[in-house]
Amino acid sequence: MPTFDMNPYDGDENDYMPQEDDWDRDMLLDPAWEKQQRKTFTAWCNSHLRKAGTQIENIEEDFRDGLKLMLLLEVISGERLAKPERGKMRVHKISNVNKALHYITSKGVKLVSIGAEEIVDGNAKMTLGMIWTIILRFAIQDISVEETSAKEGLLLWCQRKTAPYKNVNIQNFHISWKDGLGFCALIHRHRPELIDYGKLRKDDPMTNLNTAFDVAEKYLDIPKMLDAEDIVGTARPDEKAIMTYVSSFYHAFSGAQKAETAANRICKVLAVNQENEQLMEDYEKLASDLLEWIRRTIPWLENRAPENTMLAMQQKLEDFRDYRRQHKPPKVQEKCQLEINFNTLQTKLRLSNRPAFMPSEGKMVSDVSNAWGGLEGAEKGYEEWLLNEIRRLERLDHLAEKFRQKAATHEAWTEGKEEMLQARDFETASLSEIKALLKKHEAFESDLAAHQDRVEQIAAIAQELNELDYYDSPSVNSRCQRICDRWDALGALTQKRSDALQRTEKLLETIDELYLEFAKRAAPFNNWMEGAMEDLQDTFIVHTIEEIQGLSTAHEQFKATLPDADKERGAILGIHNEIAKIVATYHVNMAGTNPYTTINPQGINAKWDKVRQLVPQRDQALIEEHARQQNNERLRRQFANQANVIGPWIQTKMEEIGRISIEMHGTLEDQLTHLRQYEKNIVNYKPKIDQLEGDHQLIQEALIFDNKHTNYTMEHIRVGWEQLLTTIARTINEIENQILTRDAKGISQDQMNEFRASFNHFDRVSFTEKRPYREEEVLCVGGGGGVDRFRVSFTEKRPYREEEVLWGGGGGGEAEFSRIMSIVDPNRVGVVTFQAFIDFMSRETADTDTADQVMASFKVLAGDKNFIMADELRRELPPDQAEYCIARMAPYSGTDAVPGALDYMSFSTALYGESDL
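Residues 1 to 917, numbered by the numbering used here, are exactly what the sequence shown covers, in order.
Treat the hints as calculated values from the structure; they're not laboratory data.
Hints may be right or wrong, so weigh each one.
[Claimed, not checked] Lysine-lysine pairs mimicking DSSO-like chemistry, simulated, CA-CA at most 27 Å apart: (1) Lys-688 x Lys-331; (2) Lys-331 x Lys-99; (3) Lys-88 x Lys-99; (4) Lys-125 x Lys-178; (5) Lys-610 x Lys-331; (6) Lys-125 x Lys-107; (7) Lys-653 x Lys-520; (8) Lys-348 x Lys-328; (9) Lys-686 x Lys-653; (10) Lys-285 x Lys-51.
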């Protein structure tokens, strides 16, 4: 039968066993050591055999048939050995033992001087040596601590764990353990609640050893392998027995440490997941609230129902100003914060290896931006409509007042004219009276013709009021129709009276030429005075200095005609004086009145005095309006002077931010500090914007609608200011996300600077030089991830072009291009940001949590089962995260399922978006 070397290790890493420790067939063990080994090895074997439902009583007897020996190897290795022989003959036993020995040698163990016959014959020395070899191979060899293994690793582990404890100095596996404090220190280090270490005494080894062995057996599932007397009663305890006992402590505590590590990993993953879910809920709520506000505001801005009065429209304008000053600015901030939160959430999801966040339908950042664009479009149209409506109402008020004045003047003139034309006085009049009536009628016709222009003006004003949709058009139309109807009636009556007078003209031949001349000259002069009074009292509306100057010039020209008019007045009064002289001279019976006209010298003088009185009033009105227009011009220049400074300042700051984002130097923290100081300087400029808003309000209150001194409007300044604040906030957020990425990925500052330099170089090449890319400009990435090389024209806000992506060897092709683009541009918007660039560069070599790692951690907590129980989760995880897992894990449905089993595998993959939970 074959025999085997008993040297349990072959190779440099295992020559820690001194040569004198080799088992010698001819030497006997120290009786005390043999006793300790029997007890320790028997307990160690039973700690494993009990898993198979059996145990041994006598170590050299119970392994003789090889059955329990093979079973022991199967239990500790987890592998199946060859089928054992069930016969009772010696040959069957030797065969079984040989199968066990062959299995041991297959694991790299070199057995020295041992054969199956010694084991079958119950040789105690050989049996203990074989068990020691098994213990070394399966319990001690795999121990590794700080690049040391096996015995040295186990010793180093004991020294590290007991270093803080008083009176404990572990230097070996024999006398260092005699006082029992080493065992107690190991237990207290890992389970301090089991032993009150402060009450132990170095001079009481029996108590110390019994305490450690009893606690280990009761609470740590480590069988009692030695008695305190075995150790205290010998000068030098058996090293192999102590090593075996101590290795059981190592495996017991290393298992707990693995469970703790696994629990910590799960806690970390769940904490990240819970935080991300909260951020998603916050984003959804903020987006919903903002979209709802936009939905409510747009109908108000789109309402174009006109008001009938200037006061009502000015109130609408004031409401719109309140909206721009008070209601909209907080929503601008919310929109900016929504974009910042979305970018931060996506960054955290990428850093934690989670799938990108896709908001609910209709709540994407682009949806909010589109809705915001609709709001601003409605807002711009609403303001233009308000200003146009105010202009329209101002024009309507002016026209309506002009209509009322002209209509009142005309109605006053026509008062009594119908009765006059219908009079039958000519029937009983004398010849002279008839001629007088005829001449009077001719003068009336002349007067009637002079009033034709006023009637046409009244009709034209009424038509314009209708075209401008004047709210009181019905009353205007009714009044205009009455005037026109009355005018037509006057025309018909005039013609009728003329015919009657002409029929009697043959009978009446006497006519007073002087009265006629007076009437003919007085009537147009009277009309001129009435027109002058009407013009002097006419209201006017101007918007510029030039317009008021034009009115002033026309007024000066009018005043220049007054001397000639006064001469005409004197001539007319002279005719009347001549008539009076003739009447007095020839005693003519004229009944005291001019038969040809109702105009008298008193009326002429009264109207002339009225004209002279209205001229200085008109002068004063023009002076006041000229002063108002000068003030308006001052307001225009005041606004323009500020706007022409603020507008270029905003543009300059926008360009500076663009350069800063490309030419940043120093650490990210320095850049962030610089940008925040830059933002503070920009915010400190806000008082100048507010001052310009005040000047703009004064301009609108003065009803100034144009400004030739500047191309900037308040709307331009507002939009530029809002874009400036949004741009600096986004730039700061990008730096903060880069800091998150750097810290999470372990990227050094030099690497970050190199990424920035490469990114800026490619962007500069594609946009400034306008030339094809050279081979040396291709950005190379290590091939470990399947990417040989690629180059994208990265820029923070522009689409990439497919011709800007160059592929090298490695067989990546279109599939690899699609994979990279899905990483750097997951939403397929055609824009690659610097954040996506550094995420991709760091992800290729980053060591992040994966679904497999989380699954392996759950498997540790579950004790290698394919499912986990709720009690196990509550025992290993904090309460809130344990309940989080229990609520989201699906029931396990495998063939080995038990009631209450939970499926941690599908839960782990769902955390990383690889399946649906």
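Hints, verified against the model:
Of the pairs offered as hints, the one joining Lys-688 and Lys-331 holds, with about 22 Å between alpha carbons and a cut-off of 27 Å not exceeded. For the hint linking Lys-331 to Lys-99, the alpha-carbon distance of about 81 Å lies beyond 27 Å, and the restraint is violated. Among the hinted pairs, Lys-88 with Lys-99 is consistent with the structure: their alpha-carbon atoms are about 16 Å apart, no more than 27 Å. Proposed proximity of Lys-125 and Lys-178 is supported: the alpha carbons are some 25 Å apart, at most 27 Å.
At roughly 61 Å between alpha-carbon atoms, Lys-610 and Lys-331 are farther apart than 27 Å, so this suggested pair is violated. Taken as a hint, the Lys-125 and Lys-107 pair is honoured in the structure, with Cα atoms around 22 Å apart against an allowance of 27 Å. The suggested pairing of Lys-653 with Lys-520 is violated, with an alpha-carbon distance near 77 Å, which exceeds 27 Å. Distance restraint check for Lys-348 and Lys-328: the Cα-Cα separation of roughly 30 Å exceeds the 27 Å cut-off, and the hinted pair is therefore not satisfied.
This hinted pair checks out: Lys-686 and Lys-653 have alpha carbons roughly 14 Å apart, not beyond 27 Å. For the hint pairing Lys-285 with Lys-51, the CA-to-CA distance comes to about 56 Å; that exceeds 27 Å, so the pair is violated.
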